[in-house]
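Engineer: In order, the protein sequence lines correspond to chains A, B and C. Residues in the first sequence are numbered from -16 upward in steps of one, following our numbering. Residues in the second sequence are numbered from 17 upward in steps of one, following our numbering. Residues in the third sequence are numbered from 707 upward in steps of one, following our numbering.
Each hint should be verified, as a subset may be incorrect.
Said to hold, decoys possible - Pairwise CB distance ranges (calculated):
| no. | chain 1 | residue 1 | chain 2 | residue 2 | range |
| --- | --- | --- | --- | --- | --- |
| 1 | C | G760 | A | E102 | 46 to 52 Å |
| 2 | C | V733 | A | A116 | 43 to 49 Å |
| 3 | C | A781 | B | A48 | 54 to 60 Å |
| 4 | B | A48 | C | R968 | 37 to 43 Å |
| 5 | B | R76 | C | P893 | 35 to 41 Å |
Said to hold, decoys possible - Take a look, some chain B residues computed to stay more than 10 Å from chain A by CB distance:
| no. | residue |
| --- | --- |
| 6 | M63 |
| 7 | A126 |
| 8 | G166 |
| 9 | P171 |
| 10 | D200 |
| 11 | A218 |
| 12 | R219 |
| 13 | R221 |
| 14 | V224 |
| 15 | A259 |
| 16 | H260 |
| 17 | F274 |
| 18 | L275 |
As the list claims (entries may be wrong) - Here are some chain B residues pointing at chain A (derived, C-beta under 10 Å):
| no. | residue |
| --- | --- |
| 19 | T22 |
| 20 | L64 |
| 21 | T65 |
| 22 | D170 |
| 23 | Q199 |
| 24 | D212 |
Note that these hints are calculated values from the structure, not bench results. Nothing here was measured: the structure is a model prediction, and the numbers come from that model. For every residue, glycine included, the Cβ atom is placed at its ideal position computed from N, Cα and C.
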Amino acid sequence: MSSLGRRAWLSAAPLAAAALASAGCRRDAEREGGRVVVSLWFSYGGKNREVLLELVRRFNEGQARVLVRPTYQGDYFEALAKVRTALAAGVAPALTHVVGEVVPYLAEAGVLEPLSGYEGARDLGLLPPLDQAGSFDAAGPRELFALPFNRSVPLAYLNGSLVPAAQAPRTWADLRALARDLTRRGGGGEARFGFEVPISWWFWAAMAVQAGGELLGPAGEPTLGGEAGVEALAFWQTLAHRDRTMRPPAGRDYNAWQVTNQDFLAGRAATIWTSAAFLRYLEENASFPVVAAPLPAHARPAAFVGGTFFVLLRQAPPAQKEAAWAFLRWVCGPGPAAEWAERTGYLPVSRGAYEQMLARGFYEKHPNDRAALAQLEAAHPWPWRPELFRVEREIVEPRLERAVLLDEDPRAALDAARRAAREDG
Amino acid sequence: MATGPTLRPRAPWHPWLMLAPTLAGLGLFAVAPLAVAAYSSLLRWDMLTPPAWVGLANYRALARSGEAWRAFGTTLLFSSLVVVLTTGLGLGLALLLSRPGRFAAFARAAVFSAYVVSWVSVALLWMWLLDPDAGLVARAFAALGLPRVGFLTDPGAALPTLAAVTAWKITGYAMVVFVVGLQDVPRALLEAAALDGAGPWARFRFVVWPLLRPTTAFVATSSLVVSFQAFDVVRVMTQGGPAHATTLFVYAIYEQIFLNLRVGRASALTVLFFVALFALSLLQFWALAARARGAGRKATPPRPPAEAAPPPAREAAP
Amino acid sequence: MRPPRPAKLVADALTALATAAWLFPYVWMVLTSLKPLREVLERPTDLWPKRFDGGAYAEVWAGMPVGRYFAVTTAMALAIAFLQLALVLPAGYALAKLRFVGRNAAFGLVLACLLVPAQATFVPVFLFFARLGLVDTMAALVLPFAVSAFGTFLVRQALLNVPDEIIEAARLDGAPEWVIVYRVLGPVVRPTLVSLFLLSFVFHWNDYFWPLVMTTGDRVRTLPLGVALFREQGTGVRWHVVMAANVVLSAPALALFAVAQRQLLRAIGGSYR
């Protein structure tokens, strides 16, 4: 470096330092071209992402007051980690969506903006099983914190060329038998599993309730389904290790869900359980007819409504929150909500949207979406407990994964989980 | 040759002014954090609600769940694999490629190129190659009649796979260091041995290897320290799974703070991590001292230990 | 001494094998990135694409702000490298050449900090920046690395070998200390500084861990982080798109390597000597 260069650099240094420092300043309600900019952190990928971005674009173009700027943040859990980190660091966005199970924790921690006071909050016309009050049990608060947007149910998908719709399994025993029939051994590309499901709390909890258990006991202690929980876990283990008809998909979290979809489309799995959210994607990309059906029952049918809620974060400047609310109202309206449901497979969240779809004959043309509605009838509410999410992610899911992959004793695994959940705080 | 500071500063505050930014920076970003981590490890805090004092409860919880031990054991196993692979391959490649000529030079550059790209780049590349259904490696296995291996999805195979990928990336570094070490072997000794009738293997065993031992120790301990800090490969390729088979120490800390929001546990793991790393780094310094001692035994004039740059605590991370 | 022919053939074969083992994966990456989706799904291991398709790259550009990420990453790496150069020279000089009380303690601190990697400090540093509201800013990415214990050490070693006479002569000429440090001694230890600059730039450009930990949003997201995140999108793993993103990520580093190969190799080898 020449000495001249060094001198030039040295005099630039204080300027650079100042620039760096100013780059760190917190910004207030940002404006762009006179509009209030609202940051929306989202976690959809693929097709659902396209639909969301288009809805956002249409909202932005349809009015001149608000500009919603969407930022992709990874899958649900990755995005949630970033939201919580950002909250702690004071750089949280105004608007994001979070999985239902974490809403109690965030609400009790006081980071969510109460929504009842916003204009039109009481008459959004949301469908009861899907909104906050319907998704959680009676312990939930009266205050509104979260608006449903992409709400889904677990569905069983069948390869229509191998399984006629009438043969969709109704009970666990049916599923076991069907999986055995459909499994084909053989090396190379011949192998086919009868059944595949991401090893996820969402499905296991549904099965535990199907087997007659409850996640919490009468006094609110985490029973994790008791014997029913063990039975559910043992069922998976039987299919995977004894019958060898179930393929535990590779990868963690949403990698596993992607692999499950891919295996189904490629014919490596004849039936899968996954979210209704992927309904359109699977229908459009399969080279065979796709049949969707509610999950099989055991002692009773049951499922939990999954997916996320939109939340406003209290930390954001008021102008941004107002602007974000404008977007939320719009997107929960009949038109956008119906479009969202029709193009992805998620359930319509507003009554108006549902009636629109009925009137249009959508459900006649799409029997698979009818299956999702049927599943909704067996929906079970989540317990409104701040520890719910921690129990799910930190305590139960890792143990489920271990138990299924390594065929560990299911009772021991769940006992350990119960102990960990109780002593935890 | 100068042996130490010999000049008087022109003003007593000069040295301190010159050192101030560096010392402030090191204090702020290296020393203070360790103290803060030690303190935070005695709290329970999720960053959203006020912290609570819990004393040694975090350490007890880590011990009870076996998590700290598992992180340490997994990381040590991983590092050992990386060290063996890297040192062995690095030495082999150095021996093979330290001859003159453009072919060898091109090969050396090719091997080293993996060192220059991001860990993300290497991880994504190998995820594709190792895809159990569509990846080249899987297809090659199938063509050779080998059983189907879930490289990243089988709890038993995941850790060695990550170690192999890590070794693939950093072998270039080891090779370059060995090449330098090989150049230090005096030609005279080799020629004398050849004249005495020693073949290539004997020359290696009795002339080159003893002189290379300090270099080998350096490469081994450097790889050990670097691989002990591995994170990127885990985060991109397996996210610590399957079933925590690849949850290395740094990933365990990351998981605790960013996924579980447990600052106290994360800090406790940080303290333990630093203690382990410190012990390994002492090993590294010992290896360096051995190199200096070894240099003393050669025909070349010995270099004082102070002259040898200690290997960086991170992967050549200034 | 000519080696016998069979040995040379074996050596050549092994050399070719080594080259292939390290180069072929990258070739494969590029080839995959040029295939259309159909081929990736149906014939993933066919070597040559039946039809060359740039669609994957179009998707990469549509799916993330490549230019912005690249600019941010480069700016960050340059800032770090330059700041380090500016600070290691005076610090190394003070530790190498000046006699003062506390010198040993200061040097001891520098040595000790060689043992403290970013992975051990990120939790408290994150909390510190969070308290200051600096998470997700350039400051959080650059400032922690503005000082380099490793660089300070290297420069000190290099300066130890510089004869005092140069400094004394410059002092006699009336030059102020900062001129001596930057304009007299700087050029003298130029090779060390170049090495440090290169190593630092490459390492921080490629850094995934620190930006991952210190950023939450899109504002100062770096390219490695953006590409890693890119893979997580999608309802199916579209490898051709992932590989295209990977090409975009790897190309700058490999280009730099092609251009500055000798200096980089010397930097690595030299830091060992």
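Engineer: Test the statement that B:H260 is away from the interface with chain A: the closest C-beta pair must be farther apart than 10 Å.
Structural biologist: Its Cβ does come within 10 Å of chain A, the nearest being 7 Å, so this is violated.
Engineer: Is the nearest Cβ of chain A still more than 10 Å from the Cβ of B:A218?
Structural biologist: Since the minimum Cβ distance to chain A is about 48 Å, B:A218 lies beyond 10 Å and the statement holds.
Engineer: Just checking, B:A126 versus chain A, shortest CB gap more than 10 Å?
Structural biologist: 31 Å, holds
Engineer: Does B:D170 meet its interface restraint, that is, does its C-beta lie within less than 10 Å of any C-beta in chain A?
Structural biologist: 9 Å, holds
Engineer: So B:R221 supposedly isn't at the interface. Is its beta-carbon more than 10 Å from every beta-carbon in chain A?
Structural biologist: It holds; B:R221 is separated from chain A by about 45 Å at its closest Cβ, greater than 10 Å.
Engineer: Measuring from beta carbon to beta carbon, are B:R76 and C:P893 in 35 to 41 Å?
Structural biologist: 58 Å, violated
Engineer: Please verify that the nearest CB of chain A lies beyond 10 Å from B:M63's CB.
Structural biologist: 3 Å, violated
Engineer: Against chain A, is B:T22 within 10 Å by beta-carbon distance?
Structural biologist: Violated. Min distance 25 Å.
Engineer: Looking at B:G166 again, its CB stays over 10 Å from all of chain A?
Structural biologist: 6 Å, violated
Engineer: B:D200 clear of chain A by more than 10 Å, beta carbon to beta carbon?
Structural biologist: Correct as stated: the minimum Cβ-Cβ distance to chain A is 31 Å, above 10 Å.
Engineer: With chain A as the partner, please determine if B:D212 meets the hint condition of a C-beta pair closer than 10 Å.
Structural biologist: 51 Å, violated
Engineer: Once the shortest beta carbon distance from B:L64 to chain A is found, is it less than 10 Å?
Structural biologist: Status holds, d = 4 Å.
Checked against the numbered hints listed earlier, the structure breaks hints 2, 3, 5, 6, 8, 9, 15, 16, 17, 18, 19, 23, 24; every other hint is satisfied.
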